[in-house]
Amino acid sequence: MGSSLQDEVEGLLQSQRYDPSIIPKLEEYVQHQVTIGSYDSDANLALLKLYQFYPELYNAGVVAKVLMLALTALPSTDFLCSQYLISSKFQNQEPVPKLVNLLELLEGGKYIEFWASKESYKDRVPAVKDFDKSIRRFMFGVIKRTYIAVAREELMGLLNLKDEELTAFISDEQLTEADGLIKLPPTKENQPKPVKVTEAISFREVAPTLFKVM
Amino acid sequence: MAGANDGPMSWRRGLAEETGMGAGDERGGGAQDPKVAAALEELSRMEEEPKQFLLYFRARFREHAVEEMHTLYEDNFVKISERYYKSSAWPSAAAVSYLVDHDEPFLLLYKELTFRHMYTLYGKSQPSIREQANAWGNYCDLFGAFLNGDMVGLELPAAWLWDMVDEFIYQFEIWCQYRAALKEKSEEEIAVLRENDQIWNVNDVLQYLHALVNKSNICPWMLNDHQPIGSSDPKSKDFDLSSLAVYRYIGFFSIVGLLRINCLIGDYRLALMVLQSLDFNPSTSLFTHVTACHFSVYYFMGFAHMMLRRYEDAGRVFGTALLHVGRIKQSHVRSYQYEQVNKRVDQMLALLAICITFQPQYVDESTMSLLKDKFGDIKSLRTGEESTVMGLFTYASPKFVTPAPPNYDVIDDYHMDAANLQQKMFMAEIKQQLILPEIRSYLSLYTSIEVKKLADLMEIEEEMFRSHLLSLKHKSYSARADISGENPMIQGTDVKPTSELGFYINKNVVHVGDAKVETRFGEFFVKQIERLNQMSRIQIPRDVFHGAKGNLATR
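Chains V and P, in that order, are what the protein sequence lines are. Position 42 (the first sequence) corresponds to 42 in full-length UniProt numbering; numbering is contiguous. Position 172 (the second sequence) corresponds to 172 in full-length UniProt numbering; numbering is contiguous.
Because the hints were derived from the structure by calculation, they are not lab data. Some clues are possibly wrong.
Non-contacting residues of chain P with respect to chain V, defined by C-beta distances greater than 10 Å in every case (computed) [claimed, not checked]:
1) ASP33
2) LEU99
3) ILE129
4) ARG130
5) GLN177
6) GLU187
7) ALA191
8) GLN227
9) ASP364
10) LEU434
Cβ pair distances, simulated, as ranges [to be verified]:
11) V:GLN16 - P:GLN432: 33 to 39 Å
12) V:SER88 - P:THR120: 27 to 33 Å
13) V:ALA178 - P:LEU445: 30 to 36 Å
14) P:ILE449 - V:ALA178: 20 to 26 Å
15) V:LYS25 - P:ASP413: 34 to 40 Å
16) P:ASP409 - V:SER117: 35 to 41 Å
17) V:GLN16 - P:SER231: 27 to 33 Å
18) P:LYS452 - V:ARG152: 15 to 21 Å
19) V:THR176 - P:GLU386: 55 to 61 Å
20) V:SER21 - P:ASN508: 56 to 62 Å
21) V:GLY61 - P:GLY391: 34 to 40 Å
22) P:TYR84 - V:SER88: 44 to 50 Å
23) V:PHE90 - P:TYR56: 51 to 57 Å
Mimicking BS3-like on lysine-lysine, the simulated pairs with C-alpha atoms at most 27 Å apart in a straight line are [unchecked claim]:
24) P:LYS431 - V:LYS144
25) V:LYS144 - P:LYS399
26) V:LYS89 - P:LYS399
27) P:LYS35 - P:LYS51
28) V:LYS25 - V:LYS129
29) P:LYS424 - V:LYS89
30) V:LYS144 - V:LYS89
31) P:LYS431 - P:LYS399
32) V:LYS183 - P:LYS453
33) P:LYS372 - P:LYS431
34) P:LYS507 - V:LYS133
35) P:LYS86 - P:LYS51
36) P:LYS374 - P:LYS424
37) P:LYS183 - V:LYS89
38) P:LYS431 - V:LYS98
39) P:LYS51 - P:LYS79
40) P:LYS507 - V:LYS144
Cβ coordinates follow ideal geometry from the N, Cα and C atoms, glycine included.
Using the sequences and the hints given, assemble the complete structure.
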């Protein structure tokens, strides 16, 4: 069922990308993504573009869902791309400003504040399946690049996990813990080695120059 | 290509009747017909030199003398317009029709030229609704002629075909601006606007461009190593339009048109997607055939990258284009497009300044000195005020448009909405970014320091400081084109670290490992080759030599 809707939408985008009559199908598809926890940025951006062309068909509820889904896609720039397509008139309509605020908190590294705000918006922004999990995945990606070792309490705060949840998280991610300090797996960026910036010139580019001189 | 639509649409054919300028239906009409009389009267008032010019132009057009047409188009037309039509429009097509023997394809092109000339007469103000509608009507006819295959067997200079597509989008921009500024419009004008939603409709504009791309078969041509896949015989069943230069160019320029229009409406991702089949090899790609097109491609491509926060990609794109300017400067001083190209160059310099502020990166020496001439010390931007960046952005960004009609029931000026939105969003990003160079410079002072201490030094709370560090990592990690890949200018969504400053936190201590930039040999070699070349006095064509340098330096 899921994949057939996806195929159908893909076909519509191939043949009728700018046709407003495909809006209901795209809206149905957004609902589908929210319910099962899948994500298709191309289809969602195409929908926002149709709203941009036909503002009378704009549906604030669907847009909120698209933006929530885009948050789960961080660190990709999907949210940004979506925002560019929403005209100023609609940018100021709730819940768009709330969702933009959530984005700013996430991008600004203010994770603790993010969880608090998200909680306070609970009834005013749409629910998306596995939302917290996706956000945590994004956060942990950034944390992994920033820290080589992090205090347990700090990580609990950043990821908004209770003590036993963090224990489960640590074992899921196969992290090691000693004396309240959690060691993070080595990545290219959390190592003491300096980054090397090298020049990359292919022979193809140099060849004509050399050839001419010889 | 995304959103391609080659549905069974029937394209308008023949001269636009509703424009009131149609000549087709009156052919052979008696002299009693008042329309004919008016046309003949208008023709009789026409000066001799423009008349001779048109007759000569048409003759060359019919002989397919492309090179001579290029001169007639770029030089003579401009000169004659200056001399005879400095403040008025060229004679109507209805009148000229009697001069050129009712040559319909030629008249379509004549109208395109004269509408374009008319738009320039307005300067800062705008043509009337009627004039804009007529110009739109002519574009429908003109592109319709391409799409119906009527241009098979005709030849046109590449520069003209480029200007055609470029002007098409420019006039669309003008229309969107015009229609959204309601305050000074009369009730009557608003009523006309309300009823004429089809004029310069964004959907149709996109459809035409997509259809031209598809019809011309340019994408398969590019993918097939610049060879048509089908036959070049118009009678053959698998006749391939990409075997004709006119179709190749119009199709290719329409791709660039799609890039531009998607930037204007803020769909930067799709803007880059349409470029996917483009070839960026400076010695083979079609965009190098027309200078203005060349810079348009780089300007809009770089701009889209920048808006998607791919500052490094944007910087590389602008850098490549700016290096190219140095190369062509002498030869293009006199060109018709010179001013336009110059403006794009200045805009790209401003955008490059923004990009390197937020993503310190290597810039070629000669470009760096251009930047210094223009903006002084780039570092001052980094510590500078938001308003400086905003000024640069406003100056250097394209003319954004709102693609949908405004709300005619609430009279207001909406024409700046799109620009304000893009600017507001960009500045929000700048605000987030501005703190980062400061943190970066504090960090670079130490090899290791306690988080708390550094926070105190910067006079912010420790928790806030930790947030900034996370943000710095997040922001210095962006999608970046894979420069070793097939299409180094756009491809690749690999997320890679872009910062040259490495740091990490071990519980409460920040460790900083400065980036080590290895010696760049490329430039050194190029200099030595240049010296060798001078010594041995071997003549190397300028473009070959500098072409290689451009590529070296952008790596």
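Evaluated hints:
With a least beta-carbon separation of about 42 Å from chain V, ASP33 (chain P) lies farther than 10 Å from that chain, consistent with its non-interface assignment. Consistency note on LEU99 (chain P): stated as away from chain V, and its beta-carbon is indeed over 10 Å from all of that chain's, at 41 Å minimum. Once the 10 Å rule is applied to beta carbons, ILE129 (chain P) is consistent with being away from chain V; the minimum gap is 21 Å. No Cβ of chain V approaches the Cβ of ARG130 (chain P) within 10 Å, the least distance being about 25 Å, so the stated non-interface status holds.
Residue placement check: GLN177 (chain P) keeps its beta carbon more than 10 Å from all beta carbons of chain V (closest about 15 Å). Every Cβ of chain V is farther than 10 Å from the Cβ of GLU187 (chain P); the closest lies at roughly 22 Å, confirming the non-interface assignment. A cut-off of 10 Å between C-beta atoms confirms that ALA191 (chain P) is not in contact with chain V; the least separation is 19 Å. No beta-carbon of chain V is positioned within 10 Å of the beta-carbon of GLN227 (chain P); the least distance is around 21 Å.
The claim that ASP364 (chain P) is not at the interface with chain V holds, since no C-beta of that chain comes within 10 Å of its own (minimum 12 Å). At roughly 12 Å from the closest C-beta of chain V, the C-beta of LEU434 (chain P) stays outside 10 Å, upholding its exclusion from the interface. The hint said 33 to 39 Å for the Cβ distance between GLN16 (chain V) and GLN432 (chain P), and at roughly 37 Å that hint holds. The supplied range of 27 to 33 Å is met by SER88 (chain V) and THR120 (chain P), whose beta-carbon atoms lie about 31 Å from each other.
The supplied range of 30 to 36 Å is met by ALA178 (chain V) and LEU445 (chain P), whose beta-carbon atoms lie about 31 Å from each other. Separated by about 24 Å at the C-beta atoms, ILE449 (chain P) and ALA178 (chain V) satisfy the suggested range of 20 to 26 Å. About 36 Å separates the C-beta atoms of LYS25 (chain V) and ASP413 (chain P), a value consistent with the hinted range of 34 to 40 Å. At roughly 36 Å, the beta carbons of ASP409 (chain P) and SER117 (chain V) sit within the given window of 35 to 41 Å.
Restraint check, GLN16 (chain V) to SER231 (chain P): a C-beta distance of roughly 31 Å satisfies the suggested window 27 to 33 Å. Distance hint check for LYS452 (chain P) and ARG152 (chain V): the Cβ-Cβ separation is about 18 Å, which falls inside the suggested range of 15 to 21 Å. Between THR176 (chain V) and GLU386 (chain P), the C-beta spacing of about 44 Å breaks the proposed range 55 to 61 Å. Between SER21 (chain V) and ASN508 (chain P) the beta carbons are some 59 Å apart, a value that agrees with the proposed interval 56 to 62 Å.
As the Cβ distance of GLY61 (chain V) to GLY391 (chain P) is approximately 39 Å, the hint placing it in 34 to 40 Å holds. In this structure the supplied range 44 to 50 Å holds for TYR84 (chain P) paired with SER88 (chain V), their Cβ-Cβ distance being about 45 Å. The hinted window of 51 to 57 Å between PHE90 (chain V) and TYR56 (chain P) holds, with their beta carbons roughly 55 Å apart. Restraint check: the Cα-Cα separation between LYS431 (chain P) and LYS144 (chain V) comes to about 25 Å, which is no more than 27 Å; the hinted pair holds.
Distance restraint check for LYS144 (chain V) and LYS399 (chain P): the Cα-Cα separation of roughly 41 Å exceeds the 27 Å cut-off, and the hinted pair is therefore not satisfied. Distance restraint check for LYS89 (chain V) and LYS399 (chain P): the Cα-Cα separation of roughly 19 Å lies within the 27 Å cut-off, and the hinted pair is therefore satisfied. With a C-alpha separation of about 20 Å, the suggested pairing of LYS35 (chain P) with LYS51 (chain P) holds against the 27 Å cut-off. The hinted pair formed by LYS25 (chain V) and LYS129 (chain V) meets the criterion: a straight-line CA distance of about 20 Å does not exceed 27 Å.
At roughly 13 Å between alpha-carbon atoms, LYS424 (chain P) and LYS89 (chain V) fall within 27 Å of each other, so this suggested pair holds. In summary, the hint linking LYS144 (chain V) to LYS89 (chain V) is not supported, as the alpha carbons are separated by about 39 Å, beyond the 27 Å threshold. Straight-line distance between C-alpha atoms of LYS431 (chain P) and LYS399 (chain P) comes to about 23 Å, which keeps the hinted pair within the 27 Å bound. Distance restraint check for LYS183 (chain V) and LYS453 (chain P): the Cα-Cα separation of roughly 23 Å lies within the 27 Å cut-off, and the hinted pair is therefore satisfied.
Distance check on the hinted pair: LYS372 (chain P) and LYS431 (chain P) sit about 24 Å apart at the alpha-carbon level, within 27 Å; holds. Restraint check for LYS507 (chain P) and LYS133 (chain V): the C-alpha separation of about 24 Å stays at or below 27 Å, so the hint holds. Restraint check for LYS86 (chain P) and LYS51 (chain P): satisfied, since their Cα atoms lie roughly 16 Å apart, inside the 27 Å limit. Between the alpha carbons of LYS374 (chain P) and LYS424 (chain P) the distance comes to roughly 25 Å, so the proposed pair stays at or under 27 Å and holds.
Between LYS183 (chain P) and LYS89 (chain V) the alpha-carbon distance is near 18 Å, which keeps this suggested pair within the 27 Å criterion. Of the pairs offered as hints, the one joining LYS431 (chain P) and LYS98 (chain V) holds, with about 18 Å between alpha carbons and a cut-off of 27 Å not exceeded. Between LYS51 (chain P) and LYS79 (chain P), the direct Cα distance comes to roughly 14 Å. Compliance with the 27 Å bound is thereby established for this hinted pair. Note on LYS507 (chain P) and LYS144 (chain V): the hinted pairing holds, with a Cα-Cα distance of about 12 Å set against a maximum of 27 Å.
Hints 19, 25 and 30 from the earlier list are contradicted by this structure; the remaining hints agree with it.
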